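K.L.:
So the sequence shown is numbered by my numbering: it starts at 1 and just counts up by one.
Just so you know, these hints were derived from the structure itself, not from any lab.
Each hint should be verified, as a subset may be incorrect.
In the SDA-like style, the derived pairs of lysine to any residue whose C-alpha atoms are separated by at most 25 angstroms in a straight line are [stated by the list, open to error]:
no., residue 1, residue 2
1, Lys193, Thr219
2, Lys53, Glu114
3, Lys53, Asp116
4, Lys53, Arg169
5, Lys10, Thr154
6, Lys53, Leu194
7, Lys53, Arg223
8, Lys10, Ser133
9, Lys10, Tyr203
10, Lys111, Ala200
11, Lys111, Asn96
12, Lys193, Thr145
13, Lys171, Ser192
14, Lys53, Arg160
15, Lys10, Lys109
16, Lys193, Lys10
17, Lys53, Asp43
18, Lys53, Arg124
19, Lys171, Gly189
20, Lys193, Val161
21, Lys109, Tyr217
22, Lys193, Ala180
23, Lys10, Arg142
24, Lys193, Leu166
25, Lys193, Glu178
26, Lys193, Ala207
27, Lys53, Pro125
28, Lys171, Ala200
29, Lys53, Gly121
30, Lys53, Val161
31, Lys171, Gln137
32, Lys193, Arg160
33, Lys53, Thr219
34, Lys53, Leu166
Just so you know, these numbers come straight off a predicted model, no measurement behind them.
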Amino acid sequence: MFQQTVHANKTGHAIVVGGSIAGMLTARILTNHFAQVTVIERDELPDGPAFRKGAPHARHAHGLLVRGQQKKQQIMEDLFPGLTEDLWAQGAIPTNMGRDLTLYIGGAKVKPFEADLVITGSSRPLLENAIYSRLRQMPQVRFLTGRDVTGLCTDEANRRVTGIRLQERSKHGQAEQELAADLVVDASGRGSKLPAWLEALGYQPPAETTVDSQTSYTTRVYRRPHNALP
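Construct the entire structure; sequences and hints are all you get.
P.N.:
This is the structure in structure tokens:
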């Protein structure tokens, strides 16, 4: 069940482009302010935890950090009460960052210690599906999957966005559809087409900055025996 902040006389329609975790959390927040929220996702979202093409980084390890996970204090738990315990019940592991992980800093192994920081480690598909399944229970939220957003709809002066143009991925070459909205949020990530859409409307696209963190990330996944953990 949800503990949702209800704003009286909610009206209007909001569109979220992208069904990632960021997009779904955005959709959840928008339900407090709009009568209907539509999430547009280019992938077909699975009914259960499963990898999908649009999230290649999903095969890396994932964890909910302090600001995003700790019960009653964090963003996801506030938006979806009971989410953390549900993740634990499905195999996610509460992990003390000092005691339960082996850390090497500067090539030296850090002696285990009891840390104040506890994270919930899980797979990306498990976390995505837990959020997705909750959103699907909300009557004012709908998902349009397997669709590409091809551009923005605007007023005659190109001063106000009034919706989006979209097309089913299986029907490329056919006519685009238009979907009106009072608010459009782009949560499509690093592959966003928003700069090109703005340029097509006559606006200067925002400047881009690239930072090379010189960091590599490697994950290896193991299957543990049933009931191997207490």
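K.L.:
Are the hints correct? Go through all of them and say.
P.N.:
Results for each hint:
1. Lys193 to Thr219: violated, 29 angstroms
2. Lys53 to Glu114: violated, 38 angstroms
3. Lys53 to Asp116: With a Cα-Cα distance of about 36 angstroms, the restraint between Lys53 and Asp116 is violated, given a limit of 25 angstroms.
4. Lys53 to Arg169: holds, 14 angstroms
5. Lys10 to Thr154: holds, 23 angstroms
6. Lys53 to Leu194: holds, 21 angstroms
7. Lys53 to Arg223: holds, 22 angstroms
8. Lys10 to Ser133: holds, 23 angstroms
9. Lys10 to Tyr203: violated, 32 angstroms
10. Lys111 to Ala200: violated, 56 angstroms
11. Lys111 to Asn96: holds, 13 angstroms
12. Lys193 to Thr145: At roughly 18 angstroms apart (the allowed maximum being 25 angstroms), Thr145 and Lys193 satisfy the hint.
13. Lys171 to Ser192: holds, 21 angstroms
14. Lys53 to Arg160: This hinted pair is violated, its Cα atoms lying about 33 angstroms apart.
15. Lys10 to Lys109: Roughly 55 angstroms separates the two Cα atoms, so the pair is violated.
16. Lys193 to Lys10: At roughly 30 angstroms apart (the allowed maximum being 25 angstroms), Lys10 and Lys193 break the hint.
17. Lys53 to Asp43: holds, 7 angstroms
18. Lys53 to Arg124: holds, 13 angstroms
19. Lys171 to Gly189: Given that 25 angstroms is the threshold and the Cα spacing comes to 24 angstroms, the pair holds.
20. Lys193 to Val161: holds, 15 angstroms
21. Lys109 to Tyr217: holds, 18 angstroms
22. Lys193 to Ala180: Holds, because 19 angstroms separates the two Cα atoms, which is no more than 25 angstroms.
23. Lys10 to Arg142: Answer holds: Lys10 to Arg142 is near 16 angstroms, not above 25 angstroms.
24. Lys193 to Leu166: With Cα atoms ~13 angstroms apart, Lys193 and Leu166 stay inside 25 angstroms; holds.
25. Lys193 to Glu178: Roughly 17 angstroms separates the two Cα atoms, so the pair holds.
26. Lys193 to Ala207: holds, 14 angstroms
27. Lys53 to Pro125: OK: Lys53 and Pro125 at ~12 angstroms, within 25 angstroms.
28. Lys171 to Ala200: holds, 23 angstroms
29. Lys53 to Gly121: holds, 22 angstroms
30. Lys53 to Val161: violated, 29 angstroms
31. Lys171 to Gln137: violated, 29 angstroms
32. Lys193 to Arg160: Holds, at about 18 angstroms.
33. Lys53 to Thr219: Within the cut-off at roughly 18 angstroms; holds.
34. Lys53 to Leu166: holds, 19 angstroms
The structure fails hints 1, 2, 3, 9, 10, 14, 15, 16, 30, 31 (numbered hints given earlier, in ascending order).
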